[in-house]
Amino acid sequence: MLALILFYITSAVAIFATVMMITRLNAVHGLLYLILSLLAVGVIFFLLGAHFAAVLEVIIYAGAIMVLFVFVIMMLNLGQKTIEQERIWLQPGIWRGPSLLALILFVEMFVIIVLGGNAETGQVVNSKQVGIALFGPYLLAVELASMLLLAGLVGAYHLGKPMLKATRSRGHS
Amino acid sequence: MSGIPVELGLLLSLVLFVLGLIGVLVRRNLIMILMSLEVMLNATGLAFIVAGSRWGQADGQIMFLLILTLAAAEVGVGLGLALQIFHRFQTLDADSVNEMRG
Numbered sequence: 001m002l003a004l005i006l007f008y009i010t011s012a013v014a015i016f017a018t019v020m021m022i023t024r025l026n027a028v029h030g031l032l033y034l035i036l037s038l039l040a041v042g043v044i045f046f047l048l049g050a051h052f053a054a055v056l057e058v059i060i061y062a063g064a065i066m067v068l069f070v071f072v073i074m075m076l077n078l079g080q081k082t083i084e085q086e087r088i089w090l091q092p093g094i095w096r097g098p099s100l101l102a103l104i105l106f107v108e109m110f111v112i113i114v115l116g117g118n119a120e121t122g123q124v125v126n127s128k129q130v131g132i133a134l135f136g137p138y139l140l141a142v143e144l145a146s147m148l149l150l151a152g153l154v155g156a157y158h159l160g161k162p163m164l165k166a167t168r169s170r171g172h173s
Numbered sequence: 174m175s176g177i178p179v180e181l182g183l184l185l186s187l188v189l190f191v192l193g194l195i196g197v198l199v200r201r202n203l204i205m206i207l208m209s210l211e212v213m214l215n216a217t218g219l220a221f222i223v224a225g226s227r228w229g230q231a232d233g234q235i236m237f238l239l240i241l242t243l244a245a246a247e248v249g250v251g252l253g254l255a256l257q258i259f260h261r262f263q264t265l266d267a268d269s270v271n272e273m274r275g
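One line per chain: the protein sequences are A and B, in this order.
The numbering of the first sequence is this note's numbering, which starts it at 1 and goes up by one.
The numbering of the second sequence is this note's numbering, which starts it at 174 and goes up by one.
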């Protein structure tokens, strides 16, 4: 019962954050809400008993991929107006919505840890089972995923290289 | 027994996917389009996790892992393309790149 209530609250947070994300005019504000949406989905993974996937969701999606977005947004705003823009982005009030949603998620995790509520979240598939399956029957898929990541790396480097060169020469001149 | 009905999980996944699709269709900023694509990929991952939790198998989480690698590669290439478009057209509007005549 506790798991169901937590699931409803987290789903509401995820849907609200996603709606706010697609309606923000500013990309950075949208990014804040997108991080909250991903964190809420991570909590849902935890409630569903997929602890390993929940950890990966937070580390890779809300961590690494969002850092890429932040890098690109900051790279595209090189210029004289950047400081004023930052001031507008950091005006008080913008951070309140995402902070409130993050607080809700934090309280949920606190409740889960204190009350031990994850006992009734159904079938827990732990990371040991995932690892055994990953490097047993799915070994070929892991190899293919590594090839995909290599192709993505080469593609991103190839696409970004002329831009970097132009920025560097602009900086020297 | 599972505390969360599988229908609700799939419904949430569907809602998130449709929201991401609306974002892709409505927004014209390339960064926002890529972010909406992330939401869609995340929703499909959620559907896999829900199914894996329903049957108690590890396959759902493995599919989520593969979707994660796909999302990482897609974001890398997509953001590289966005940088190129900004470099050439000085804008991130997806409609301004429409240069095909036909």
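Since the hints were derived computationally from the structure, they do not count as laboratory data.
Errors might be hidden in some of the hints.
[Stated by the list, open to error] To list a few chain A residues with every Cβ distance to chain B over 12 Å, as calculated:
hint: 1; residue: A12
hint: 2; residue: L25
hint: 3; residue: L34
hint: 4; residue: P98
hint: 5; residue: I104
hint: 6; residue: P137
[Claimed, not checked] Now the stretches of chain A that chain B is said to cover, found in silico as 3 or more residues with beta-carbon under 8 Å:
hint: 7; stretch: 1-10
hint: 8; stretch: 42-53
[What the hints assert, rightly or not] Residues from chain B that face chain A, not an exhaustive set, calculated with beta carbons under 10 Å:
hint: 9; residue: V188
hint: 10; residue: M208
hint: 11; residue: E211
hint: 12; residue: F221
hint: 13; residue: V223
hint: 14; residue: A231
hint: 15; residue: L241
hint: 16; residue: A244
hint: 17; residue: A267
hint: 18; residue: V270
hint: 19; residue: M273
Glycine included, every Cβ here is placed at the ideal spot set by N, Cα and C.
Hint-by-hint comparison with the structure:
no. : hint  : result
1   : A12   : 10 Å, violated
2   : L25   : 9 Å, violated
3   : L34   : 5 Å, violated
4   : P98   : 14 Å, holds
5   : I104  : 16 Å, holds
6   : P137  : 9 Å, violated
7   : 1-10  : holds (count 5)
8   : 42-53 : holds (count 8)
9   : V188  : 6 Å, holds
10  : M208  : 5 Å, holds
11  : E211  : 7 Å, holds
12  : F221  : 9 Å, holds
13  : V223  : 6 Å, holds
14  : A231  : 4 Å, holds
15  : L241  : 6 Å, holds
16  : A244  : 7 Å, holds
17  : A267  : 13 Å, violated
18  : V270  : 14 Å, violated
19  : M273  : 20 Å, violated
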